[in-house]
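*Asks:* Line order of the protein sequences matches chains A and B. Position 18, counted from 1, in the first sequence is what the working numbering calls 6; the numbers after and before it change by one each time, with no gaps. If you want the working numbering, it's the position in the second sequence, counting the first as 1, plus 487.
Read the hints as simulated data drawn from the structure, not as lab findings. Built from N, CA and C at the ideal position, the CB exists for glycine as well. Some clues are possibly wrong.
No farther apart than 25 Å at their CA atoms in a straight line, the calculated lysine to any residue pairs in the SDA-like style are these [said to hold, decoys possible]: (1) B:625 x A:275; (2) B:674 x A:256; (3) B:700 x A:103; (4) B:748 x B:571; (5) B:575 x A:274; (6) B:580 x A:275.
Here are a few chain A residues that sit away from chain B, every Cβ distance over 12 Å (derived from the structure) [what the hints assert, rightly or not]: (7) 56; (8) 113; (9) 127.
Stretches of chain A that chain B covers, calculated by requiring three or more beta carbons in the stretch to come under 8 Å of a beta carbon on chain B [to be verified]: (10) 87 to 95; (11) 166 to 179; (12) 296 to 309.
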Amino acid sequence: MNRLVATTTTTAPSAGPVAGSRTFLSRLNKGDEIARLITLLFAVSVVLVTLLLVFELWQGSALPRHKFGFNFFRTSVWDPIFDQFGALPFIYGTLVTAAVSLLIAVPLGIGAAIFLAELAPARVSDTLEFFIDLLAAVPSVIYGLLGVFIVIPLMREYIQPGLKNSLGFLPFFQGPAYGVGFLTAGIVLAIMVIPYIISVSREVLLSVPRDQREAALALGSTRWEATWKVVVPFARAGIFGSIFLALARALGETMAVTMVIGNTPAISASLFSPGYSIAAVIANEFTEATGDLYLQSLIELGLVLFLLTFILNGLARLLIVATSQKGSGTGRA
Amino acid sequence: MKRIAAIFLVVLGLAVALRAQSILSINGAGATFPYPMYSKWFDEYHKQHANLQINYQSIGSGGGIKQVTEGTVDFGASDGPMNDEQLKGFQDKHGFGILHFPTVLGAVVPTYNIPKVTSTLKFTPEALAGIYLGKITKWNDPVITGPNKGINLPADDIVVVHRADGSGTTYCWTDYLSKISDEWKNKVGKGTSVNWPVGLGGKGNEGVMGVVKQTPNSIGYVELIYAIQNNTPFGDVRNSSGEFVTASLAGVSAAAAGAAKNMPDDFRVSITNAPGKAAYPISTFTWLLVPEKISDAAKRDAIKGFLKWMMSDGQNYAEGLAYAKLPSPVVAKETKAIAKIQ
């Protein structure tokens, strides 16, 4: 900190007349300048860390990038013995489990948030919020155990046979019911991310100004109409934010996923089949990865996961921009 | 203010004094499989030599080999011997070699869960290879039922379970399958992680065991210690002499004794499918990896001292933790090898 202040003070006189430096010094005395510099430093460090991360992943994966090139994304053989590495099954597994989890978690989470923010009495809402925050803080290995001891047996004994009998004509619900697999991983992930969606969405809904609600009611809308047509669209950006947070967690979750996904690098349309995710394979194989190509292929998988998160986040931002323009009449004032 | 400074000085002085008479610290890293054994040994040895502290991080065999090659730890540990390429890598980097010291032995057993079958199954090598290659898919396949006369095996699909994380257990299992099946050797090979033709992956011994216990008609493989400690049923395996052997510490030691006769000088030997009537075929040594030259004399003497103790008194702790002891010819040979550390 001292050094930083020192360098700025030495450059300040050369930049302007003496009077300028005096005001700079007085600002420094009042602390504003210090606060500005410190917070700027923190903000810049976020960017630096991100760049450093990409740089390290890029550097660390030189061998497989040169050897496999684009085929790394297209092939699905993962063979450490014969040095063949393809990332496709892991990318597929990561995307499918995240998609399944959001499919379940988004309607449930937003529904619960609307109830808590708009319909439930304040005391009930606050009590439930306490439990939801508690759920969000549970370590993922606990969710993994929940998956192993409760979700997997339920899936194998009841849910998978049930789905097979009723919706078995769809390609998603075919094949042997092991209990582990994409669907189970998606469900466990959904349980993990629902608290995030509820908690953030509830806060956002609560922060919608009262006048918005009152205006809608004054115009003769029912309570539900006021909630669904005015309050929710107003809070849209924040609700999307909660979904991205959930998506990020679902994409990167390691422990709980590896405990229930079956850890088999395979691509299958059926959600019953075992699969593998990027984060899980890195965690499982990194410690015993001997050989440079093997190790660097795992690092390249890390790079892929980073890019995947980056792209999905970018798309999500675009979605926000697109929808808020469309609905700008009722949306943000 | 002066008082604070004085206190600070005293504390600093104490710290320096403690440091000076202190504790020689040696760092190692590697295999997870022998970790309970090593932590017991290092603890006991520290009790006898208060000024020597050996720290061991069980980060996995691959990590152990990597760190000792990079020189970030004083010794490594691995469940599979270093291959020629890795040895060359070490030699190129340091200008001297690295020595393998077998410490204890372990075994890997096939465990299964078939509803209504309570008796111990007998597995032939062909059956195990066929199941893990995905060629034998039903429990009532004649290759499996052949040696299991009188056991009513169902016509259900076999659910194959393997380790998902890289591990020495997988190395031992695949090393065995490579020896008994040419198809396995050419298609899959041996290693801490392989490209499995079939099956579900479980994380760790407990993960494999969890899937096997929960999934009817499944088969998996776990360490013998793990199976014994958890009272899990495991099958007998036919060895190279045609005998079906139940995995036991005695069976493992017998396999080691069979291999001891033609133990190479660098101790890099696989004892899977070892000769001998009582030998359990899926057994393995686990090794400490010690550089040939250690420049710090105090560290060198400490490591040599520990190795000597480990091969004599240390061995007595092995069976309590369900590891098999080194056979005496191996100990004799290793004791000579300690002199190579300079």
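*Asks:* Any hints this thing doesn't respect? Which numbers, in order?
*Replies:* Hint check: 1, 3, 10 and 12 fail, others pass.
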